[in-house]
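Undergrad: Here's the letter readout for the chains.
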Amino acid sequence: MKRRQVYPFSAIVGQDKMKLGCVLNAINPKLSGVLIRGEKGTAKSTAVRALAALLPEIEVVEGCPFRCDPREKSKLCPDCIERLEETGELPAARERMRVVDLPINATEDRVVGTLDLEHAIQKGEKKFEPGVLADANRGILYVDEVNLLDDHIVDVLLDSAAMGVNTVEREGVSYTHPAEFILVGTMNPEEGELRPQLLDRFGLCVHITGIHDEESRVEIVKRWAEYEQSPEKTAEKWAGEEKKIAEKIVNAKKLLPEVAISDEILLRIANISIALGVDGHRSDLVMMKAAKTIAAYNGRSAVDPADVDACVDLALAHRMRRRPFEDMALDGKSVETLLNERTSRKAQSRY
Amino acid sequence: MSALAKPRKRYRPPVFPFTALVGQDLLKKSLVLTAINPFLSGVLIRGDKGTAKSTAVRGLAGLLPEQKEVADCPYHCDPDDPFFMCHECLERLDAGEELPAVTSPVRVVDLPLNATEDRLVGSIDFEHAILTGRKKFLPGILAEANRGIIYIDEVNLLADHLVDILLDTAVTGVNIVERESVSHVHPARYMLIATMNPEEGDIRPQLLDRFGFVVSIEGIHDPAMRVEVAKRRESFDASPRLYLADWAEEEALLRDLIVKARKTLSRVEIDDRLIKLISVICHAHRVAGHRADIIMEKAARSIAAFAGREEVAPEDVHEAAELVLPHRARDFQEPDRREDDRDSREDKPQNEEEGPQEGDQDSSSDGEMEDKESEAAEGTQSADGKNTAAPEPSPNPGNSTEKAGPDPGGYQEQVFKIGDPLSVPTQDVRFARDSLNRSSGGRRTLTTTNNKTGRYVKATSVRKNNDLAFDATLRAAAPFQKQRPDVGLAVKIKEPDIREKIRQKKTSNLLLFVVDASGSMGTRLMTETKGAILALLMEAYQKRDKVGLIAFKASDADVLLPPTNSIEIAKKMLEELPTGGKTPLGRGLLVTYQLIRSQLRQDPTLLPLMVVITDGRANVGLDREKYYDGPQFGEIYREIYKICELLEAEDRLKSIVIDAEEKRLGSFGRSKKLAESLNAKYYVLEDLVDHRGILSAVKSERGLAEEEKR
Numbered sequence: 001m002k003r004r005q006v007y008p009f010s011a012i013v014g015q016d017k018m019k020l021g022c023v024l025n026a027i028n029p030k031l032s033g034v035l036i037r038g039e040k041g042t043a044k045s046t047a048v049r050a051l052a053a054l055l056p057e058i059e060v061v062e063g064c065p066f067r068c069d070p071r072e073k074s075k076l077c078p079d080c081i082e083r084l085e086e087t088g089e090l091p092a093a094r095e096r097m098r099v100v101d102l103p104i105n106a107t108e109d110r111v112v113g114t115l116d117l118e119h120a121i122q123k124g125e126k127k128f129e130p131g132v133l134a135d136a137n138r139g140i141l142y143v144d145e146v147n148l149l150d151d152h153i154v155d156v157l158l159d160s161a162a163m164g165v166n167t168v169e170r171e172g173v174s175y176t177h178p179a180e181f182i183l184v185g186t187m188n189p190e191e192g193e194l195r196p197q198l199l200d201r202f203g204l205c206v207h208i209t210g211i212h213d214e215e216s217r218v219e220i221v222k223r224w225a226e227y228e229q230s231p232e233k234t235a236e237k238w239a240g241e242e243k244k245i246a247e248k249i250v251n252a253k254k255l256l257p258e259v260a261i262s263d264e265i266l267l268r269i270a271n272i273s274i275a276l277g278v279d280g281h282r283s284d285l286v287m288m289k290a291a292k293t294i295a296a297y298n299g300r301s302a303v304d305p306a307d308v309d310a311c312v313d314l315a316l317a318h319r320m321r322r323r324p325f326e327d328m329a330l331d332g333k334s335v336e337t338l339l340n341e342r343t344s345r346k347a348q349s350r351y
Numbered sequence: 001m002s003a004l005a006k007p008r009k010r011y012r013p014p015v016f017p018f019t020a021l022v023g024q025d026l027l028k029k030s031l032v033l034t035a036i037n038p039f040l041s042g043v044l045i046r047g048d049k050g051t052a053k054s055t056a057v058r059g060l061a062g063l064l065p066e067q068k069e070v071a072d073c074p075y076h077c078d079p080d081d082p083f084f085m086c087h088e089c090l091e092r093l094d095a096g097e098e099l100p101a102v103t104s105p106v107r108v109v110d111l112p113l114n115a116t117e118d119r120l121v122g123s124i125d126f127e128h129a130i131l132t133g134r135k136k137f138l139p140g141i142l143a144e145a146n147r148g149i150i151y152i153d154e155v156n157l158l159a160d161h162l163v164d165i166l167l168d169t170a171v172t173g174v175n176i177v178e179r180e181s182v183s184h185v186h187p188a189r190y191m192l193i194a195t196m197n198p199e200e201g202d203i204r205p206q207l208l209d210r211f212g213f214v215v216s217i218e219g220i221h222d223p224a225m226r227v228e229v230a231k232r233r234e235s236f237d238a239s240p241r242l243y244l245a246d247w248a249e250e251e252a253l254l255r256d257l258i259v260k261a262r263k264t265l266s267r268v269e270i271d272d273r274l275i276k277l278i279s280v281i282c283h284a285h286r287v288a289g290h291r292a293d294i295i296m297e298k299a300a301r302s303i304a305a306f307a308g309r310e311e312v313a314p315e316d317v318h319e320a321a322e323l324v325l326p327h328r329a330r331d332f333q334e335p336d337r338r339e340d341d342r343d344s345r346e347d348k349p350q351n352e353e354e355g356p357q358e359g360d361q362d363s364s365s366d367g368e369m370e371d372k373e374s375e376a377a378e379g380t381q382s383a384d385g386k387n388t389a390a391p392e393p394s395p396n397p398g399n400s401t402e403k404a405g406p407d408p409g410g411y412q413e414q415v416f417k418i419g420d421p422l423s424v425p426t427q428d429v430r431f432a433r434d435s436l437n438r439s440s441g442g443r444r445t446l447t448t449t450n451n452k453t454g455r456y457v458k459a460t461s462v463r464k465n466n467d468l469a470f471d472a473t474l475r476a477a478a479p480f481q482k483q484r485p486d487v488g489l490a491v492k493i494k495e496p497d498i499r500e501k502i503r504q505k506k507t508s509n510l511l512l513f514v515v516d517a518s519g520s521m522g523t524r525l526m527t528e529t530k531g532a533i534l535a536l537l538m539e540a541y542q543k544r545d546k547v548g549l550i551a552f553k554a555s556d557a558d559v560l561l562p563p564t565n566s567i568e569i570a571k572k573m574l575e576e577l578p579t580g581g582k583t584p585l586g587r588g589l590l591v592t593y594q595l596i597r598s599q600l601r602q603d604p605t606l607l608p609l610m611v612v613i614t615d616g617r618a619n620v621g622l623d624r625e626k627y628y629d630g631p632q633f634g635e636i637y638r639e640i641y642k643i644c645e646l647l648e649a650e651d652r653l654k655s656i657v658i659d660a661e662e663k664r665l666g667s668f669g670r671s672k673k674l675a676e677s678l679n680a681k682y683y684v685l686e687d688l689v690d691h692r693g694i695l696s697a698v699k700s701e702r703g704l705a706e707e708e709k710r
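Read top to bottom, the protein sequences are chains A and U.
So for the first sequence, the numbering used here puts the first residue at 1; every next one is plus one.
So for the second sequence, the numbering used here puts the first residue at 1; every next one is plus one.
Possibly wrong hints are sitting among the right ones.
List time: in silico DSS-like cross-link candidates among lysine-lysine, alpha-carbon distance up to 30 Å [stated by the list, open to error]:
| hint | chain 1 | residue 1 | chain 2 | residue 2 |
| --- | --- | --- | --- | --- |
| 1 | U | 263 | A | 233 |
| 2 | A | 123 | U | 458 |
| 3 | U | 260 | A | 127 |
| 4 | A | 222 | U | 28 |
| 5 | U | 136 | A | 127 |
| 6 | U | 492 | A | 126 |
| 7 | U | 29 | A | 222 |
| 8 | U | 681 | U | 642 |
| 9 | U | 482 | A | 123 |
| 10 | U | 68 | A | 233 |
| 11 | U | 458 | A | 127 |
| 12 | A | 254 | A | 237 |
| 13 | A | 17 | U | 276 |
| 14 | U | 582 | A | 222 |
| 15 | A | 233 | U | 260 |
| 16 | U | 49 | U | 28 |
| 17 | U | 494 | A | 127 |
| 18 | A | 17 | A | 248 |
| 19 | U | 136 | A | 126 |
| 20 | A | 126 | U | 458 |
| 21 | U | 492 | A | 123 |
| 22 | U | 494 | A | 126 |
| 23 | A | 244 | A | 222 |
| 24 | U | 582 | U | 276 |
| 25 | U | 681 | U | 582 |
| 26 | A | 19 | U | 492 |
| 27 | U | 136 | A | 123 |
| 28 | U | 276 | A | 237 |
| 29 | U | 494 | A | 123 |
| 30 | U | 49 | A | 222 |
| 31 | A | 222 | A | 75 |
FYI, nobody ran anything at the bench for these hints, they're computed from the structure.
Build out the structure end to end from the sequences listed, making use of the hints.
TA: Structure representation (structure tokens):
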């Protein structure tokens with residue numbers, strides 16, 4: 001099924017926030033994922049599957065099932081450590097970042113990994129067989145309809161997402177390996193909400209709705225009809241656009257470590273968090289990282305206030321204290337109004 | 001071993017010819033359209049038993065042109081289409097192998113309601129593992145149905161975890177398996193055809209959206225046609241072979257048409273203006289997302305192709321709208337009503353009296369569906385010429401139906417509006433911050449089941465159920481294989497290796513509202529009560545709880561809403577709940593008791609929670625003929641307390657009594673006594689400030705129930 005041509009990312013009409021959320025994660029894995037919430041039929045899954053084609057290459061240890069980073073010696077899997085100790089070096093290879101699916105009916109043994117059945121039968125030895133979490137190390141772990149995921153699988157995800165490590169103690173095997181993945185989920189809120197702990201694991205969150213503009217709706221139908229008739233043609237038609245985005249991502253990835261952020265901007269971030277009454281500091285960190293990534297994506301090595309504004313609702317919508325039945329959104333308020341409200345409140349209290 | 005590799009031949013009973021079906025034109029049309037264009041993603045047939053639903057579906061399979069497939073591929077890949085091929089076939093192709101092709105009829109694979117998850121998605125091939133010591137994927141129903149049809153009878157009764165799987169695979173066309181020690185990906189592009197009887201509850205909107213078309217059918221009323229139905233069936237049963245021969249020509253004709261239409265389809269053009277019309281229609285019906293637009297475009301093109309035209313006409317769009325929109329137009333009301341509308345419309349395609357009406361989000365006029373449909377018709381007419389602006393998002397000035405505001409309160413004096421469940425009073429921060437509440441309400445109630453149903457979550461070495469966990473058993477046995485004496489099998493399994501599955505099933509709570517709808521309940525109280533119930537309904541849906549509503553007023557009590565999981569129906573019933581008259585509290589409780597008993601008989605794992613909202617001022621006894629005035633008045637309460645004893649004796653039942661008495665007019669404290677005799681939690685409605693108070697009261701009670709259970 002390698003040859004299946006997915007719908008091109010750039011051919012998705014509108015939904016810029018969602019696309020931005022996806023691209024930012026492709027550039028900066030530290031953003032720890034994006035949750036796409038939206039009603040039925042709004043290209044949620046299409047976007048994530050399309051993203052896979054745009055992901056940049058990463059450097060991996062050749063032959064390592066966890067795709068360890070040969071330069072990151074502190075995050076090697078047990079086998080790579082052994083290899084390093086024996087040979088003194090780790091052969092590097094380049095591989096595209098992956099999107100690994102976690103189907104909602106997955107069983108725990110396949111998610112965390114378990115005893116290698118065939119090896120045990122033939123050799124009588126206990127060997128660890130990597131699971132989905134191993135596959136997803138340094139890649140994207142994609143859960144479609146993430147709100148329908150079983151609680152016991154969610155527990156496992158939370159565990160390893162928090163530590164970046166998957167520890168397996170089951171059926172006589174004992175194994176620990178790195179499991180740092182970008183968690184990407186799609187969900188339809190009509191089917192129920194996510195557990196708050198899981199929600200917090202997603203760095204960014206986008207809420208999307210159908211497009212109401214007539215022209216765009218027509219465009220959606222036309223493009224999709226075209227794609228269904230001939231996926232190859234659609235792919236060809238959008239190849240240029242796709243390449244542009246892919247290159248932009250690669251360049252941004254290179255630029256990212258150099259992006260600087262001024263104290264002034266950090267203060268702005270802090271003020272926004274306070275103005276919106278967000279608990280904890282994760283929001284500040286995510287906003288900072290997202291703003292940096294946006295700057296890099298736009299080819300700049302310094303963060304603008306506009307970069308911060310562009311990521312506010314991506315980073316905060318799901319972190320604000322919510323009341324029941326309230327939607328996760330900023331009510332369309334601009335960041336300026338928010339900050340102004342706050343300064344004026346401050347001024348009032350002072351005098 | 002070799003027996004496993006070969007697909008087993010199945011018994012195929014003779015199928016009643018599709019073309020011999022009497023009437024049900026809409027159903028036949030929709031099935032034919034999906035036969036022409038498989039991308040239309042299936043049909044849901046709503047209707048009573050015995051309306052030729054299954055017969056039509058099976059007949060359809062006989063009409064589909066045979067398709068080429070790889071002879072020995074479990075997924076029935078198309079040898080000429082590497083695009084959607086399974087991994088194995090691709091590899092063979094890459095290795096330069098010529099794939100052996102056979103032609104075979106399109107398969108209709110049944111998904112029985114009692115299917116297990118592992119049979120649906122596939123699992124580890126246990127036999128293969130024991131014989132060879134190697135893991136192999138055993139394809140399931142999804143594999144069998146690739147490039148075919150999955151047929152689900154009574155889809156609304158399908159277990160939730162199976163629905164989840166269908167939701168996922170129906171759109172992606174890929175089945176990703178990560179379970180029971182196997183990891184496998186294979187194509188699963190199937191057409192979903194299902195039937196349901198709306199009386200038995202609705203299906204999840206998310207799954208509904210996966211069906212391209214929804215058709216509502218009912219039995220034929222024309223006597224002459226009924227006779228014809230009986231005759232045809234009779235002669236088919238007498239000799240299927242002869243009967244089939246009689247209809248062979250008709251069948252061949254339709255088959256040819258389908259084949260031709262399939263070829264035409266790729267050439268069918270659609271004008272941009274018509275695509276625009278589609279978007280306008282869809283948008284006017286406020287469908288969710290864009291799937292409706294996309295399917296409508298495909299449907300219109302398929303309709304044109306079937307008619308032999310290479311260009312889509314406005315009528316095609318109209319016809320497509322009829323099939324695509326009914327289940328997608330948002331805020332449609334009670335489904336049964338919708339069917340009535342459809343039927344009346346079939347006789348009279350365009351309803352002249354009703355002008356186009358843009359349905360307001362909260363509008364709930366009965367004729368809304370009808371309005372919408374005629375509006376679609378309007379839109380189409382306007383398309384062939386001058387006015388493409390079509391439905392304006394404002395009510396037509398000449399509209400006879402008054403547009404109700406956000407509440408339907410206008411049309412009957414004593415129907416109080418529903419307190420708005422969505423607006424949150426800003427001062428009510430207490431509830432929002434109550435994390436305890438959230439955690440108790442945030443999880444569904446899970447129980448471990450003992451009857452081999454539900455989702456496989458873990459394996460255990462405790463034997464009690466004979467529900468073998470193949471993967472875990474194999475893994476348990478695997479490390480000891482070297483030591484065990486050779487018996488000719490690759491894997492030698494001994495008693496201690498055996499693991500069983502622990503399955504989990506979401507049991508639903510049953511939330512029963514017993515509402516006093518007598519005249520003594522004030523306006524404000526009723527509005528708040530309705531608001532609270534609606535809020536609970538919305539939550540109940542997400543947890544897949546069942547909700548029922550019993551109202552008592554005048555001299556009787558009615559089960560207004562039999563336990564259902566259809567929030568749409570519940571909302572509708574609630575909106576229409578009229579009040580007035582005396583207070584037959586006893587009858588209300590008795591009816592509730594009977595309902596709870598029968599529900600528990602159906603599902604002994606059910607956790608019912610009864611919420612009685614009343615002012616407690618009963619003034620009618622059980623026996624309507626008998627007078628309870630004067631000295632007899634105490635009799636009423638004696639009856640009530642007796643029924644309370646019965647209810648109290650139900651172990652699984654929890655109760656809440658919400659006292660709706662307006663205390664400023666003096667209090668009798670009857671509700672409190674009622675609560676005591678029911679051993680129920682007692683709340684005073686006025687103390688609960690607003691309906692959010694009722695909400696948290698119910699939630700905390702349910703939370704307790706769940707805690708206890710665990």
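Undergrad: Decide, hint by hint, whether the structure agrees.
TA: Cross-check of the supplied hints:
For the hint pairing residue 263/U with residue 233/A, the CA-to-CA distance comes to about 19 Å; that is within 30 Å, so the pair holds. For the proposed pair residue 123/A and residue 458/U, the alpha carbon gap of about 26 Å is at most 30 Å, so the pair holds. Of the pairs offered as hints, the one joining residue 260/U and residue 127/A is violated, with about 57 Å between alpha carbons and a cut-off of 30 Å exceeded. Our distance criterion of 30 Å between C-alpha atoms is met by residue 222/A and residue 28/U, whose separation comes to about 28 Å.
Of the supplied pair hints, the one linking residue 136/U and residue 127/A holds, its CA atoms being roughly 18 Å apart against a limit of 30 Å. Proximity of residue 492/U to residue 126/A is assessed by CA-CA distance (about 17 Å); at most 30 Å being required, the pair is judged to hold. Only pairs whose Cα atoms come within 30 Å are accepted, and residue 29/U paired with residue 222/A is accepted, the gap being roughly 25 Å. Of the supplied pair hints, the one linking residue 681/U and residue 642/U holds, its CA atoms being roughly 18 Å apart against a limit of 30 Å.
Using a Cα cut-off of 30 Å, the hinted pair residue 482/U and residue 123/A holds, with the two alpha carbons roughly 7 Å apart. Pair hint residue 68/U plus residue 233/A holds up; C-alpha atoms about 25 Å apart against a cutoff of 30 Å. The straight-line distance between the Cα atoms of residue 458/U and residue 127/A is roughly 20 Å, inside the 30 Å bound, and the hint therefore holds. Taken as a hint, the residue 254/A and residue 237/A pair is honoured in the structure, with Cα atoms around 28 Å apart against an allowance of 30 Å.
Pair hint residue 17/A plus residue 276/U holds up; C-alpha atoms about 25 Å apart against a cutoff of 30 Å. A hinted pair counts as satisfied when its Cα atoms are at most 30 Å apart, and residue 582/U with residue 222/A does not qualify at roughly 61 Å. Of the supplied pair hints, the one linking residue 233/A and residue 260/U holds, its CA atoms being roughly 25 Å apart against a limit of 30 Å. Proximity of residue 49/U to residue 28/U is assessed by CA-CA distance (about 17 Å); at most 30 Å being required, the pair is judged to hold.
Between residue 494/U and residue 127/A the alpha-carbon distance is near 21 Å, which keeps this suggested pair within the 30 Å criterion. With a C-alpha separation of about 17 Å, the suggested pair residue 17/A and residue 248/A falls inside the 30 Å cut-off, and the hint holds. Proximity of residue 136/U to residue 126/A is assessed by CA-CA distance (about 19 Å); at most 30 Å being required, the pair is judged to hold. For the hint linking residue 126/A to residue 458/U, the alpha-carbon distance of about 20 Å falls within 30 Å, and the restraint holds.
Straight-line distance between C-alpha atoms of residue 492/U and residue 123/A comes to about 14 Å, which keeps the hinted pair within the 30 Å bound. Under the criterion of a C-alpha separation no larger than 30 Å, the hint pairing residue 494/U with residue 126/A is consistent with the structure, at around 18 Å. Straight-line distance between C-alpha atoms of residue 244/A and residue 222/A comes to about 23 Å, which keeps the hinted pair within the 30 Å bound. The straight-line distance between the Cα atoms of residue 582/U and residue 276/U is roughly 56 Å, outside the 30 Å bound, and the hint therefore fails.
Proposed proximity of residue 681/U and residue 582/U is supported: the alpha carbons are some 25 Å apart, at most 30 Å. The hinted pair formed by residue 19/A and residue 492/U fails the criterion: a straight-line CA distance of about 53 Å is larger than 30 Å. With a C-alpha separation of about 18 Å, the suggested pair residue 136/U and residue 123/A falls inside the 30 Å cut-off, and the hint holds. Taken as a hint, the residue 276/U and residue 237/A pair is honoured in the structure, with Cα atoms around 23 Å apart against an allowance of 30 Å.
Between residue 494/U and residue 123/A the CA atoms are separated by roughly 18 Å; this keeps the pair inside 30 Å, and the hint holds. Of the pairs offered as hints, the one joining residue 49/U and residue 222/A is violated, with about 40 Å between alpha carbons and a cut-off of 30 Å exceeded. Among the hinted pairs, residue 222/A with residue 75/A is inconsistent with the structure: their alpha-carbon atoms are about 47 Å apart, more than 30 Å.
Checked against the numbered hints listed earlier, the structure breaks hints 3, 14, 24, 26, 30, 31; every other hint is satisfied.
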